[in-house]
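Number of protein chains: 4
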Amino acid sequence: MTHKTDMNIFAQLESEVRSYCRSFPTVFTKAKGSKMWDEDGKEYIDFFSGAGALNYGHNDPIMKENLVDYIMNDGITHSLDMGTTEKATFLKEFKETILKPRDLNYKVMFPGPTGTNTVESALKLARKVTGRTDVISFTNGFHGMTIGALSVTGNSFKRKGAGIPLTHTVTMPYDNFVSDELDTLEYLERFLEDGGSGVAIPAAIILETVQGEGGINAARYEWLKKVEEICRRWDILLIVDDVQAGIGRTGSFFSFEKAGIKPDIVCLSKSISGYGLPLALTLIKPEYDIWEPGEHNGTFRGNNHAFVTATAALTYWKDDQFEKKITKQSERLYSFLEDLVASYPELEGQVRGRGFMVGVCSAKEGLSEKIAAQAFERGLIMETAGPKDEVFKLFPALTISDEELEKGLQMIKESVEATVNPKELVTNG
Amino acid sequence: MTHKTDMNIFAQLESEVRSYCRSFPTVFTKAKGSKMWDEDGKEYIDFFSGAGALNYGHNDPIMKENLVDYIMNDGITHSLDMGTTEKATFLKEFKETILKPRDLNYKVMFPGPTGTNTVESALKLARKVTGRTDVISFTNGFHGMTIGALSVTGNSFKRKGAGIPLTHTVTMPYDNFVSDELDTLEYLERFLEDGGSGVAIPAAIILETVQGEGGINAARYEWLKKVEEICRRWDILLIVDDVQAGIGRTGSFFSFEKAGIKPDIVCLSKSISGYGLPLALTLIKPEYDIWEPGEHNGTFRGNNHAFVTATAALTYWKDDQFEKKITKQSERLYSFLEDLVASYPELEGQVRGRGFMVGVCSAKEGLSEKIAAQAFERGLIMETAGPKDEVFKLFPALTISDEELEKGLQMIKESVEATVNPKELVTNG
Amino acid sequence: MTHKTDMNIFAQLESEVRSYCRSFPTVFTKAKGSKMWDEDGKEYIDFFSGAGALNYGHNDPIMKENLVDYIMNDGITHSLDMGTTEKATFLKEFKETILKPRDLNYKVMFPGPTGTNTVESALKLARKVTGRTDVISFTNGFHGMTIGALSVTGNSFKRKGAGIPLTHTVTMPYDNFVSDELDTLEYLERFLEDGGSGVAIPAAIILETVQGEGGINAARYEWLKKVEEICRRWDILLIVDDVQAGIGRTGSFFSFEKAGIKPDIVCLSKSISGYGLPLALTLIKPEYDIWEPGEHNGTFRGNNHAFVTATAALTYWKDDQFEKKITKQSERLYSFLEDLVASYPELEGQVRGRGFMVGVCSAKEGLSEKIAAQAFERGLIMETAGPKDEVFKLFPALTISDEELEKGLQMIKESVEATVNPKELVTNG
Amino acid sequence: MTHKTDMNIFAQLESEVRSYCRSFPTVFTKAKGSKMWDEDGKEYIDFFSGAGALNYGHNDPIMKENLVDYIMNDGITHSLDMGTTEKATFLKEFKETILKPRDLNYKVMFPGPTGTNTVESALKLARKVTGRTDVISFTNGFHGMTIGALSVTGNSFKRKGAGIPLTHTVTMPYDNFVSDELDTLEYLERFLEDGGSGVAIPAAIILETVQGEGGINAARYEWLKKVEEICRRWDILLIVDDVQAGIGRTGSFFSFEKAGIKPDIVCLSKSISGYGLPLALTLIKPEYDIWEPGEHNGTFRGNNHAFVTATAALTYWKDDQFEKKITKQSERLYSFLEDLVASYPELEGQVRGRGFMVGVCSAKEGLSEKIAAQAFERGLIMETAGPKDEVFKLFPALTISDEELEKGLQMIKESVEATVNPKELVTNG
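Residue numbers (full-length UniProt numbering), protein chains in the order written: chain A, 1 to 429; chain B, 1 to 429; chain C, 1 to 429; chain D, 1 to 429.
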């Protein structure tokens, strides 16, 4: 492409449903690590990471090399769930590098290559295993946009979009939903134990350990532990949707490791391919792998390009160096945000999150969106979350350098300053 | 990979849900055009085309070159629905090459990159546009495996897998469902016009013009035309699911062109990327593009690798040479199958389909599966379809050479012979 | 009451939902046999029979005497499902007089005392017995107004009133729904036998042998017989809703006797108490009586006043005199209506029904309602039926005298004449 | 009936669903005021009152006289919703005696004559008025057994009986459900106000002020007041199901009077006819009476016998004498039960309820049922309630004499003694 794209092309040809191109109104053309460039050559620091699908940054050189080699050699591209060399390699490496060292034992299912498809497969299987129909999900949970996954998603705007009633689910209060004092699980258990509660024993409880779309709400480890205990007591399957919080985002490969729990089913997608290529996995405890062949499927479930990069991505987890790096930088993220909130009381801000999945919730309506817009102008890609977009959300690549990180944080600080004290902006401008 | 994969790896590590690796028990490693090779170096002719996702064959050289260039230059890989150079290029080319010459006017939506996701988006939108909840689908229709799409899918095994009741849909008889004489649409209209019929006016009617999974059932053009008329009369949206039948499979880019109809919404996926990369499009008449930003979405909706190859694939449609080639070879396919059915009355066979989407339905239970298994042994990849797998299904790449085509057909003939007259097999063996 | 009621009282104090007082705008105060009187002393012939709840006419003298005796002696009035002398008496008499002579063996359940409640109990039980969820009902079927019964009711106005989607039911075409030639059951069976039809094997098929509210549609005996065969073949429970067509209305105690079928569950209400008192019965084949105690119930299920009159009503069935009377007069009804339709081609009329459940369907919109209104002015109570009120419906008491019958028929003739040739009316008036 | 009924008749002829005849295994034949007699001439004190349908006792002499007069004069028995003298009289008297003095303004709807039918009508109307689908109900609420009413009923055994999923309802915790400290309405409001809660703003909130079947749980007045405020704030209709708690049972005609609230819809049945005859009323604020004629109906909605007795019953409410009597005796009930629980710590009992709707909840599984069985043997009719039948429930007629009341209480005391100290029983026996 030698000439510049007319930005109107999207308004003319693409559906009104498009959204990110409205928050980030430019045409991107190139990316590397934590940097992106648009057609004007403007450089951006990426604190968005493709909504969590680019935890290893853009176009990682090893993955890239392996992928190009594979393509050049006419490796199989698309194969549904036939046997291929690349799928076998990935399965073996995933077992050795990820599951075994964590003492986890799961069969791997490849649903259609998106987060919502793995959630749909998990719900189907839990219903099949238990013979029950209902599923308990949590307030502000987000699990996808197809009808099955949307039924366990809390957001009222998204639910309304279904156009039909979303049924067979019960929403329970997530950790800290009502207040800090209230133990929301005491409440949940009363419903399970009382035969007149109107709530049937469910097939499964599905949750994110840290809610992304819902506003960067991190459940306490003891709360997660107690959910697992409730599942065991009532013979309910525990599904952890690790699509966004998994693959290192909270500091460990799986987000639930430090809580010491072992979910019955785990949903993975987004960063599992490493390179931003579509792929999704549903991990299933072997005793629950009672699918009939083809009982759930999807055309693109065998995305060999994604297997190539996903296998390469696993090398990050061969030792604990990567986790240590995340932990260290994560502390910096936290201290920065705590300082920010303290320095700008006008934010009415609260720091939230865990690992590289953090944000600030501002009690002032609309403020977080303004800050994110300011950041974009300064060259930082950052989005908002929560039912009212009340949280600005820091999602750097896990591979980010200290220098890039600081540059991004500086831009956030400036954006907050410019938003909170807009008069100075005018003076400076 | 220098050493051979142990086939057991899939049974050990992959979920029981895997299916194609059971019909085709080998490990594929390389592919080109209409040929595939497994790790033993055995060559196969591909009459399966990745279940319709590889209409242009494997690893088309132009697409390959463009894709590798793009990757080597660190083009953006993953971008959700941000503006990117590649998306803009694809949108423009799709408009110029496909829509304009066919006098079609659609806005383009990118849902999650799978067939079921585009169907889910179409159903949501039709419900939003009309404010109604129900959708009419047809017997033996297949539209996907997530709950919304599964609700309009006919197959009872797949429906049961939902684990919950599938609601807000009414199944009507597809063309020729009851008998050749009965006009199934007269029946459908009685339900719409009688206020006591128990069937509400639906938001949409969704259909495939040729049913793939359902058994290669081709609806007559006049039947399709009449469905469109009924939609207009009752103010119902017409959704054509062209995921499998589209992109040239039946002889024209869209499968509905020759029927002379203009659906309100069109679902595309599978071969739209050309190279087997995950991508899906929902085409929407501009007057119905009333989405709110982000009202339906999916992480991998901006798959730029797929945009690169999809743009390259559009060159096949610059003039009418490609369509002519399909038409010509399609006649050969038909005459071959008609001869086959006539030569082997033991098949109790019926030729079905349109264009490069054809098959033989055998009234003898289990026979088609045996023929497909025989074909695999001989080096031909071919699958079965229909509620009882009663149809063996010929899905060659549209780019196949006459020589490869004849080779494949020859193997089918031998497979039928070996299945129908097994004694000779023993003699020959 | 010595002074006259102000008719406005109903508009002022009663809900807008009231309906019959709009068609019959007067205040009734007394009734006997086939006659009713309003507060002005005007006498009416009753061809309505309380919508089928007064098959024995108003205030039958024997029933009345027994009821008054019972009340005077302080017999138990209300007892839920405790044991009472009157319930025992009724159960024994019903067994001896009705079930035994017809070679039927049913356990008797007393749900809440309305038609919709017996239907709800039947659907619950069929689902429990089979473990399936769906129920097949027919176009223009009417089974009640509570959500379960409404789900199997065809009328779109009534369905819409639910305010929520009505699910777990599939509507199939009733006999003659599409055209006289089409065998609607061939169609139904295709759906059951084809695994891709989208229609699951249901728990039950529910039907009326003659549809009352739906427009006096009488199914042919061979059609009913074939439905029973289909139920047996697929292990589906057959529920006959005999709430309106039962208790002699079509000429025999049960409406299905002449079809030679034995439903698995029978719903009775309306005329079962004989005197117009609320009562409902669900008859259940003993092998399907697998209820847990109290699994379905209702406060007024033990209405002893109704047991007293219901027992008395059974005396009508001790021999075949009553049936013979109905048959004889029914022939008169038919010949009268056939003559009427022939004499008044302007009616564009079609005679429908069976026994004492007959009517004329007029193809002229609004005409039947006008005729019924004319009849009311002349002193005849008669209502309309069908999705567009296109049928005027003759429902005399089974006990009506020949003289009263002729008087009523004469008024219908005059009403037709006055409606079809309104100018003469003016001349005569 | 001169000879005795064989008790086996019910097991032989009546469905397994029968329940009260199992708890009270005898054949009742006569009743008067608070006394019942069986065929052996044994006399019982009635602390059950027909599950709340006999608040004025059995066979009240004035109602009886009016009813017999009406029948003897051939008054209309059954009239659906035609205008009748008796309906007009009742409507006027109800307006004057009940609504006006309480400053309430409601239109009166007559659904089918059972509690579940009035609830179904209320839910339909609330959905129509608001255009919303969901309804919030409370833990341990009981509203009926037809699918619509069952959907808002908490009991898991009864819900499971539906055989299909019960949808469009959300169960919230009733007052004191989780613990005494927790404000369950704070919790409810969080769900309404948070756009990510997964709970949509409902059409209505439905509740009983004192839960009968659910275990005699009385909500505090301030809790009820707060529910009304929440309804006003969010524009939600408030439905009070006063089927069991209404008509004087808690001390005032409507159970909600002392809470100072004005529900939008009130459901009445059970004791509204006064004599135990089937009747139900749905009271609707005039601005919400937007029904179309016949949009909800039921054959027996015009039960004139019930109108006769219901009008007579209203004389109890002409002045405040009746309420004063109830209040006085209610104090006696409470002090008796408090003493009982104190005297028998083995009961692990808790006194519950309000007015003449009281009981003791025993923490010892099965104990309450044993006490009720002992009471029956001694000649007292008393039932149990709660999800595990953990409450024995005192429901005397509101018209009971002090002498009868004391006799009943004495039998309860003896029954508790005999159950808690069974050895003495043996000694005495």
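Hints listed in this document are in silico derivations from the structure and should not be mistaken for laboratory results.
Just so it is clear, the structure is predicted and the values come from calculations on it, not from any experiment.
Any given hint might turn out to be false.
Note that identical chains are pooled: a pair holds if it fits in a single copy or bridges any two copies.
Unchecked claim - Straight-line C-alpha distance at most 25 Å; calculated SDA-like pairs for lysine to any residue:
| hint | residue 1 | residue 2 |
| --- | --- | --- |
| 1 | K32 | K226 |
| 2 | K128 | Q12 |
| 3 | K100 | A418 |
| 4 | K318 | T130 |
| 5 | K364 | E292 |
| 6 | K388 | E295 |
| 7 | K35 | E292 |
| 8 | K30 | K64 |
Intra- versus inter-subunit Cα pairing at 25 Å for K318 with T130: Neither: 36 Å inside a chain and 54 Å across chains, both beyond 25 Å.
Intra/inter-copy verdict for K30 and K64 if alpha-carbon distance must be at most 25 Å: both (14 Å within a copy, 19 Å between copies)
Homomeric proximity label, K364 with E292: Cα distance no greater than 25 Å: Between copies only: 24 Å across chains, 51 Å inside a chain, cut-off 25 Å.
Copy assignment of K128 with Q12, given that the CA separation must stay at most 25 Å: between (45 Å within a copy, 21 Å between copies)
K388 and E295: within-copy, between-copy, both or neither at 25 Å Cα: Answer is between: at 14 Å across copies they meet the 25 Å cutoff, but 38 Å inside does not.
Within, between, both or neither, where K35 and E292 count as close if Cα-Cα is 25 Å or less: The answer is neither: 45 Å in one copy and 30 Å across copies each exceed 25 Å.
Alpha-carbon proximity between K32 and K226, which holds within one copy, between copies, both or neither at 25 Å: Neither: 42 Å inside a chain and 53 Å across chains, both beyond 25 Å.
Intra- versus inter-copy proximity for A418 and K100 (alpha-carbon distance at most 25 Å): neither (49 Å within a copy, 47 Å between copies)
Figure legend: structure checked against the earlier numbered hints; hints not met, in rising order: 1, 3, 4 and 7.
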